[in-house]
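Each chain sits in its own coordinate frame; assemble them with the hints.
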Amino acid sequence: MTTGTTTTGVVRPAPSRPGREDVFRRQLARLGWGFTAPSLILIGAVTIFPILFSVIMSLSNVNVTGSGFQLSGVTGSNYSILIHSDLWRYALTFTIVYTVITVAVEVALGTLIALVLERLTVGRGWMMALLLIPWSMITVINATLWGYIYNPTYGVLDDILSHLGLGTPVVLGTPLPAIIALMVADIWKTTPFVAIIVLAGLVMLPQDLYEAAEVDGANGWRTFWRITFPLLRPTIALAVLFRVLQAFGLFDLPFVLTNGGPGHSTTSLAILGYNTMFANFDFGPGAAVATSTAVLVLIGCLVFLRVFRAQVGREG
Amino acid sequence: MRNRRRKGWRRVFNGVNLATLLVFLFIVLPLYWMIASSLKTQANVGATPPQYFPHPLSFENYHVAFTQYTFGTYILNSVIVAVVATVLVLVLGTFAGYALGRLPMRGKFALLVALLMISVFPEIAVVSPLYLLLRNLGWLNSYQALILPYAAFFLPFAIWILRNYFLGIPHEMEESARIDGASPVRTLWSIILPQAWPGLFTAGIFTFTACWTEFLMALTFNSSNNFRTIPVGVALFGSQFTVPYGVIFAASVVAVVPIGILVFVFRRSVVSGLTAGAVKG
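These protein sequence lines are chains Y and C, in that order.
Take 59 as the starting number for the first sequence in our numbering and just add one per residue.
Take 916 as the starting number for the second sequence in our numbering and just add one per residue.
Honestly, the hints are just simulated from the structure, not real lab data.
With the C-beta cut set under 7 angstroms, the calculated list includes, among others, these residues of chain C facing chain Y: (1) ILE942; (2) VAL1035; (3) THR1128; (4) PRO1146; (5) ALA1150; (6) PHE1179.
Covered stretches of chain Y (chain C as the covering partner; in silico rule of three or more C-beta atoms under 8 angstroms from a C-beta of chain C): (7) 188-195; (8) 319-333.
Every value quoted in this text rests on a predicted model; they were computed, and no experiment measured them.
Built from N, CA and C at the ideal position, the CB exists for glycine as well.
Same shape as in the complex, but just chain C (with noise of 0.2 angstroms):
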């Protein structure tokens, strides 16, 4: 509509793509230079003038980040608690999601308000309770110090993103499961379920990120070195002095990677998971 045929050299130069270039610019730039300095050698990561290209070429960062650093650790304590706290998520998300969206209910609404709420509710405020309750629990650096937190607070999103999804169902399958006698559990299992996956993996992909990235009560819950996750691992490398630049971003090469895989992958559920709220709401 808006682009018109241009000749030659201004189809290629127009306003439109170098607009893009400077974003892409903008975005990437930084992201070179995070593995870039990843693939120094140890020496060259504080070289001055900085080396824009990374000269020899090194994995040295990587090898000192899982054995000189407990890296492994950390990845696999993020993983356990995203992985955990995401199925929690899921399966009570999925009874809660299938109840406000499709059974009449009173108060309804009301309720789904009072969830959105919550999900935006500054974690500051309740990380000093929950810490002197784990703590007289003796939970304080213990996978569930976080699972449960966790769930409980990205619960709200998902119940909105699947309760979205259960909207959009017909209701006439339905309908005939339930007069030849399915009860609503296996209306839900056998009906609902296999048409709201979409819906089930945007709330995950939201769900793991959220998760994945957590830094205030991991920090404070799980402080430990056996129990940190990767955010509270990194944000602790090291000393007050010396930051071993070089071998945090290796570690956040590592960290990054798979989850950036995974929304580049899914982009278009992860974008329609950000725009719920925005069509429905």
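This is chain Y alone, in the form it adopts within the complex (with noise of 0.2 angstroms):
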């Protein structure tokens, strides 16, 4: 903008020399600065430097005492421990296969839920505040609820099972099933979630290729796959990429309902992270388990982003 209109309605001239739009520029941008520092002062504090320190306790010897703690030492023998250790490997196994299955699921069904819902025409507002609902409780009281339909003894899955001449498994009792009553409980809190951002990018879609599609007699099943899916993928994108970061710190939902067992079946990176350091105390090796885990999301969110932006750049 070269002119600007006082509120008497005068009209003044431009800054006639370029010097003194540069020089208020730069003002503007100190001022930018001092605006966002204390924002990256706290953000620096309790995230970087946290983040930073929990690498370099990774590489030491970690002395946790009564009133304190020591580091002594460059070593390398915390990750050594993790790459030798059977619990670690499988933790990342179980977190990884864990996170895959979830998410496909989720976003399958949450894809399938955005279709429904876009066609309903009477009260869609009301149904996409009910998705709200699951996505803001607390996953604590959602693993304690889920917790409760499992029980052995008087849980009502049991009880539906055997009216319908299943049996009464114990389902928390035995690995597979654990898993699988984990990632449904899981699969009930957050497709809404999933739902509700497909849905949203469903519904600014342009009409007119529709039209046109439905001109040229494609039916329902291509015209998803040719027109809708494509013009979402961008949304489906995103919505990943939220929940892929998010399954991979997974730690309340078996903390509570599993306590990463039975045996240690579900016990995923964050719960085995969470035991070494506050259950055993063993600092140096916790650390490197979380330190490991940061950077593995770091490189996934990396290469997510590069094969996103590359996405984006052939559509548009």
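Structural data, given as structure tokens:
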């Protein structure tokens, strides 16, 4: 903008010398950093500094004493403990498999729900609001609720299964059913979140393409894969990114529902890190678990951003 | 467009409505089970076969949650932590979001991407160093032990939401305020903020919900009974062998209902916040 209007309506000329505008812009930029600084200081102190500290801890011998802690030496032993630990390898595999399966189911189911609700003519706002309730629910409470449903003596699931003649399994007592039970609780809570994001993307799609498809006689299935899905891909990608990162930090649900068991079958990386640090007070190896998880997340994030950006570029 | 008019029952029992009904039941049945169980007598919570409809209706569990257990304290702790952290986030986030949205700063975009990455970082990576730090400061089991980490962790997302709102406000009024000699802080306060309140609102609901539901840090930093927040209180209710489900559900209903109502009433803000990244990102 080169001219501005005062409240009295007098039009002022643009600043004649380019230097003045430059100075002004520099002032504004300085102001901008001034405005941003408090946030950056807080975020730096409470997130970036601890992350770096965690890396240092993972590379040294940590000795936690009654009142403080000591770091000594530089060592790779924490990581070698990790790599030779069957439990860490299991936790890594479990977390990856869990993330892939739950996110895949949630995205498929969430997209399906969004497609249904988009066609709904009455009460769509109410359904949207209903979808938000599982999302806003405290995960610990969600876990407790499902624990009650799965309870082997008075749980409602076993009662329903026995009425259907399927027996009364001890769901949380055997590894595979326990993992599935965990996934069901997760899917219940987070599928609505995916559905909302996809629905919001769906509503904004241009209508003329669908009219053209209808004129061409394309059926619903074809229309979805040829028009809806390609247009929705950035939206779905965003939902996937959020969900993958969240699922990779899986902690609350197994902590309450299974405590990592039976055996170690539902021990995620976060559960393992927590137990190593706060149950066994092994802060060195614990920091190695935490740091390796963070590095994996970071790599995943960067790969995703690259792929995602390339895809957006191709479409736009 | 796609809804052709049909006659009689076919209009009611079409695929879309039936599928919607399934979705509705999928979400509502577990919620029903929680509320119904909270209204059973303590003996009936563990009845076999389970009682599908609570009979007799009883508020015993609600009474016990607030008398025999200190659930009132947990709610108070959660409210204090969540409210203070949210206010802190909104104040800091407004300045940062305004600067990143409107002021000519170099390296703005890189900073925004870095913020986004921090906001999705796994908490487990920072819990142990923060724990040691807070322990050295003697801050374990205190409100600031949660307020500061929550504010820092949820600030990046709030900055993103606020920045997107500030970007959408027309520049003209700001220009004329500037020419009239208003200081930048004054311009932000009296010109920008009044137009940005929906954004503040959305960011506020998000931050509050995130603080209200956070578990790992609350469990690690504030485990003493006087400083437990609701999730920690619920997770550590009872002993390892007997879980007082009825009481927990009564407490859960009390914890879930206010935020549920908030989200329900302001669903438009929440949905626009959820999709803020999708639109502008």
